[in-house]
Amino acid sequence: MNCVKQAAQQFLIDAHLSSRTLTNGQAYSEWTTRLQRSIRYRTEQYGYYSGFGLRSWNTRSLAQQMRVTKFAGLPVVLHERVIPALQCVERAIARDCPGVPYRPRSLGGMRQTNTYFGGDVSNHVYGIALDVDPMDNPCCNCVEPWRSSPKCRGKKSDWQRMAMPQCWVSAFEQYGFYWLGHDELKDTMHFEFLGEPSKFAPPRTD
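In the numbering used here, the protein residues as written are 6 to 211.
Heads up, a few of these hints could be off.
[Unchecked claim] Pairs of lysine-lysine, DSSO-like flavour, derived with a Cα cap of 27 Å:
1. Lys10 <-> Lys204
2. Lys204 <-> Lys75
3. Lys10 <-> Lys75
[Said to hold, decoys possible] Label pairs and their in silico Cβ distance ranges:
4. Gln69 <-> Gln41: 18 to 28 Å
5. Arg65 <-> Asn146: 13 to 23 Å
6. Ala12 <-> Met140: 40 to 50 Å
7. Asp19 <-> Asn119: 35 to 45 Å
8. Arg158 <-> Gln69: 19 to 29 Å
9. Lys75 <-> Asp101: 13 to 23 Å
If you are wondering where the hints come from, they were derived from the structure by calculation, not from laboratory data.
From the three backbone atoms N, C-alpha and C, an ideal C-beta is built for every residue, glycine too.
My request is simple: use the sequences and hints to build the entire structure.
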């Protein structure tokens, strides 16, 4: 396997909704422009999700491109184009984190229902997002029960808010994944592939 190191694409990171987006009308308008670019890119790369973008951008359905894979010994459903990147992450963890005895107990991948608001669509819907141990790696600025997690109380660094070791985050970030622990949500469980999937797996044409 050709494990190509790459960073998450900035224009996809910038499309995340944040409090800065809603400060005034111009900021919101600029965000919606970034959002539509992001939706078009994700549709073209991964498939059409009803109600977001145009079916003509990609006639392949998301459902037919989802696959069951394993990460850290646990099954998870993800888009077939990001599975090679995740396999590279697992190799990096084995190489760079040998002295860290962390084993997740649960994973979350593809979802059929959108959980975002304001016109955005979750990367879980596209099958390009992965949640690692949701109860042990909380989203401190999300809804309950995570908001009340003991890990979210007091002044802590991003790394102190989770059970997952820092070297795991570094492994994901080497291969195009963006970690929402850096985001204002402080969603420490959540990684999403915002790199270029063609560097790992070109799109199928059948």
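Checked hints:
1. Lys10 <-> Lys204: It holds: about 9 Å lies between the C-alpha atoms, which stays within 27 Å.
2. Lys204 <-> Lys75: Since the Cα atoms of Lys204 and Lys75 sit roughly 21 Å apart, the hinted pair holds (cutoff 27 Å).
3. Lys10 <-> Lys75: Roughly 21 Å between the alpha carbons, so the hint for Lys10 and Lys75 holds.
4. Gln69 <-> Gln41: 18 to 28 Å: holds, 25 Å
5. Arg65 <-> Asn146: 13 to 23 Å: violated, 35 Å
6. Ala12 <-> Met140: 40 to 50 Å: violated, 29 Å
7. Asp19 <-> Asn119: 35 to 45 Å: Since the Cβ atoms of Asp19 and Asn119 sit about 20 Å apart, the hinted range of 35 to 45 Å is violated.
8. Arg158 <-> Gln69: 19 to 29 Å: violated, 44 Å
9. Lys75 <-> Asp101: 13 to 23 Å: For Asp101 against Lys75, whose Cβ atoms are near 20 Å apart, the range 13 to 23 Å holds.
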